[in-house]
Amino acid sequence: MSCQKAREWLENSSAAGLSKLPADLRQHLVECPACATLISKISYQCVTRLPENLVAGIPAMKKQIWAEISKQRVQQAEKTGIFAWPPLWKLAFIPLILLLSLIVVYVKSNTTTRVDDHKAGLTSAVATVVRISNQVERQCAGSIDFLEVKAADLLVPGDAIKTGKNSSVELIFADGSKIAFGSEAYFQVKGEKCLGDHRLGRAVFEIKKQTPAVSVEVSTPQGITAVLGTVFVQELGKEKCFIAVAEGVVEFRPNNNAGKHLLRKGDLLRFDSSGKIIDRKELDSAALLKLSDLAGLVPVETVSGLNSVGQDASSTIIPEAVPSEIPDASESSTEEIDKIIDEGELSSDSVQIVPIIGTEELTNEEDVPNKDPYQPEGTGQSSLGVSGF
Amino acid sequence: MTSADNQKNTDEQLVARILRGEKKLFDVLFDRYIERLLRYVVLFLKSDEEARDLTQEIFIKVFRSLDQYKFMGKFERWLFVIARRTLIDQYRKKKLKTFSFDSMDMDESAIPVQEESPDKAPELLQGLPVRDREILQLRFMENMSYEEISEITGMTQGSLRNVVCRWIRRIQEDNSDELPKSQGMARE
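Chains as they are written, first to last, in this note's numbering: chain A, 1 to 389; chain B, 1001 to 1188.
So that you can see chain A by itself, here it is in the shape it has in the complex (with noise of 0.2 Å):
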């Protein structure tokens, strides 16, 4: 080569790194000291000698730049969430959180009010506590356990209400019917058609005139009442139990399909715990607020003149209702004393009792049933229907 050839190879080679000499290049310079000291003193230019505190602190450089490194990664992580976003964005996203809050919200209480809604369909409260005197328990649905009972305590359909001795309490119901029970009783509360069932106890009823006109009515272990707007008093003893009638007309039916008893106002009408009727009177006023009188429970013996449970019945009783004016024992009570409403047939002021026959009325004896139709056999459950207009 010569020092032509080397100068261009400088100049124009593809690569003319000094630590890539060529071979020839090499052998050149071998034997051209101005070549020699020409790339000699390139090379001497060239080389950019690092400062000694540069190439010292290249270790942590390399440190330095991985903890930059990584310290970005977890910023670029961060950066990938919601975090990452701009000032504005994140202020645009307030109100959506809102919205989406507000509808969770509304679904929610939604959701709850509906299912609120649900169980007040089956458990809405139906009668108020309004009076308590000593001991009260009540039984909650669905519970087997008493607890104490206080004033204005809501009652719903299956709630039991139980009263000690020398107790008492009373309860109001949504159309403003009023029961009032008596010491060692027990009463149920039910829904709207029929109002509780009364398994023990004296019990005052005030059953408020329903609109529109239809009974309701008080089960009883001895039989259905229907109620029409009413007082009446029943007591459901052990062995003995009573409706006395202060207003309007009850009808009582026994569940033992002895047929339907109806009662107006001055009536009592006994009967034992199988619903087999004892006996039936007429009281006097000062009898029926007697017997209204919770506090003192005065025996319906006292107040009936009536000592003997075993009394010839007929002998007492006044007149009843004969069974075939009753279409049909079966046949619900009160849609006969709804008809007897509709009809205009009575009033409040005069009640007007559905034909009653009396003993003495009774010539054919056919027409006379062979069996006592309140000493009906068997001792199944009967019905008390209770009418009051």
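Just so you know, not all the hints are guaranteed correct.
With a straight-line Cα cutoff of 30 Å, these simulated DSS-like cross-link-like pairs (lysine-lysine) come out [to be verified]:
| # | chain 1 | residue 1 | chain 2 | residue 2 |
| --- | --- | --- | --- | --- |
| 1 | A | 165 | A | 290 |
| 2 | A | 62 | B | 1023 |
| 3 | A | 209 | A | 150 |
| 4 | A | 193 | A | 208 |
| 5 | B | 1070 | A | 41 |
| 6 | A | 193 | A | 209 |
| 7 | A | 5 | B | 1074 |
| 8 | B | 1061 | A | 63 |
| 9 | A | 240 | A | 208 |
| 10 | B | 1070 | A | 71 |
| 11 | A | 62 | B | 1070 |
| 12 | A | 209 | B | 1024 |
| 13 | A | 63 | B | 1070 |
| 14 | B | 1024 | A | 62 |
| 15 | B | 1046 | A | 71 |
| 16 | B | 1023 | A | 71 |
| 17 | A | 71 | B | 1074 |
| 18 | A | 62 | B | 1074 |
| 19 | A | 20 | B | 1074 |
| 20 | A | 63 | B | 1046 |
| 21 | B | 1024 | A | 208 |
| 22 | B | 1093 | A | 62 |
| 23 | A | 62 | B | 1061 |
| 24 | A | 63 | A | 5 |
| 25 | A | 63 | B | 1093 |
| 26 | A | 63 | B | 1074 |
Over 10 Å on every C-beta distance to chain B, these chain A residues come out as not near it, computed from the model [claimed, not checked]:
| # | residue |
| --- | --- |
| 27 | 20 |
| 28 | 57 |
| 29 | 78 |
| 30 | 94 |
| 31 | 100 |
| 32 | 109 |
| 33 | 124 |
| 34 | 150 |
| 35 | 183 |
| 36 | 266 |
| 37 | 273 |
| 38 | 284 |
| 39 | 302 |
By construction, these hints were calculated from the structure, which means they are not laboratory data.
Since the model is a prediction, treat every value here as computed from it, not as a measurement.
Backbone N, C-alpha and C fix where the C-beta goes; we use that ideal spot for every residue, glycine too.
With chain A held as given, fit chain B onto it using these hints.
Chain B alone, transformed into the frame defined by chain A:
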């Protein structure tokens, strides 16, 4: 794979492995290029501290941009392109106080001159514009072709060749003054 095996990998192979998750292999690339990059950066900066910070910045940027490396051309060239762009970016952000770059029409006299260091470039090279020094360094020390230097600097290959030829002539003239006439370029 041992450290020696890693050293045998080409730059492109290392980049591929880094991108596959072997992040630590970036150390190998760092070791390969740290001194070369420092030398390159020092050309433009009079402050060692700035040179160090900028070199760190370049490596961080390279690491973050590895997924953008398309394996088109040599990694080395890509690295120097990033280095140069980082230099210019930092200068534009006014983060570099001792930057000197003729192409930026910067008055070098305004830059505080550091105390002369024997480690710095020799007198002849010091007398050249920074732009020319960069070209010569890339040409003779980084073994780059005009095409590669053109990609890095953005200058045409003809301009680059002119700079190189002019400087070689100047050194040659300087050389001929020192050499006895008999040992000059008589062989030409």
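Here is what the structure says about each hint:
1. 165(A) <-> 290(A): holds (19 Å)
2. 62(A) <-> 1023(B): holds (13 Å)
3. 209(A) <-> 150(A): holds (28 Å)
4. 193(A) <-> 208(A): holds (13 Å)
5. 1070(B) <-> 41(A): violated (38 Å)
6. 193(A) <-> 209(A): Holds. Residue 193(A) to residue 209(A) sits at ~13 Å (cutoff 30 Å).
7. 5(A) <-> 1074(B): Measuring from Cα to Cα gives roughly 28 Å; hence the hint holds.
8. 1061(B) <-> 63(A): The given pair, whose Cα atoms are some 15 Å apart, holds under the 30 Å limit.
9. 240(A) <-> 208(A): holds (27 Å)
10. 1070(B) <-> 71(A): holds (26 Å)
11. 62(A) <-> 1070(B): It holds: about 25 Å lies between the C-alpha atoms, which stays within 30 Å.
12. 209(A) <-> 1024(B): Violated, because 93 Å separates the two Cα atoms, which is more than 30 Å.
13. 63(A) <-> 1070(B): holds (27 Å)
14. 1024(B) <-> 62(A): Distance of about 11 Å is within 30 Å: holds.
15. 1046(B) <-> 71(A): This hinted pair holds, its Cα atoms lying about 29 Å apart.
16. 1023(B) <-> 71(A): holds (15 Å)
17. 71(A) <-> 1074(B): With a Cα-Cα distance of about 29 Å, the restraint between residue 71(A) and residue 1074(B) holds, given a limit of 30 Å.
18. 62(A) <-> 1074(B): OK: residue 62(A) and residue 1074(B) at ~23 Å, within 30 Å.
19. 20(A) <-> 1074(B): holds (17 Å)
20. 63(A) <-> 1046(B): holds (24 Å)
21. 1024(B) <-> 208(A): Given pair residue 1024(B), residue 208(A) is violated - Cα atoms ~92 Å apart, limit 30 Å.
22. 1093(B) <-> 62(A): holds (24 Å)
23. 62(A) <-> 1061(B): holds (14 Å)
24. 63(A) <-> 5(A): violated (47 Å)
25. 63(A) <-> 1093(B): holds (25 Å)
26. 63(A) <-> 1074(B): Given that 30 Å is the threshold and the Cα spacing comes to 26 Å, the pair holds.
27. 20: Violated: least Cβ distance 6 Å, not greater than 10 Å.
28. 57: Since the minimum Cβ distance to chain B is about 6 Å, residue 57(A) lies within 10 Å and the statement is violated.
29. 78: holds (16 Å)
30. 94: With a cut-off of 10 Å, residue 94(A) remains clear of chain B, as the shortest Cβ separation is near 33 Å.
31. 100: holds (36 Å)
32. 109: holds (50 Å)
33. 124: Holds, since 66 Å exceeds 10 Å.
34. 150: holds (72 Å)
35. 183: Non-interface label stands for residue 183(A): nearest chain B Cβ at 87 Å, farther than 10 Å.
36. 266: Its Cβ never comes within 10 Å of chain B, the nearest being 103 Å, so this holds.
37. 273: At about 90 Å from chain B, residue 273(A) clears the 10 Å cut-off, so the statement holds.
38. 284: holds (106 Å)
39. 302: The assertion about residue 302(A) holds, with a minimum of 103 Å to chain B.
The earlier numbered hints that this structure contradicts are 5, 12, 21, 24, 27, 28.
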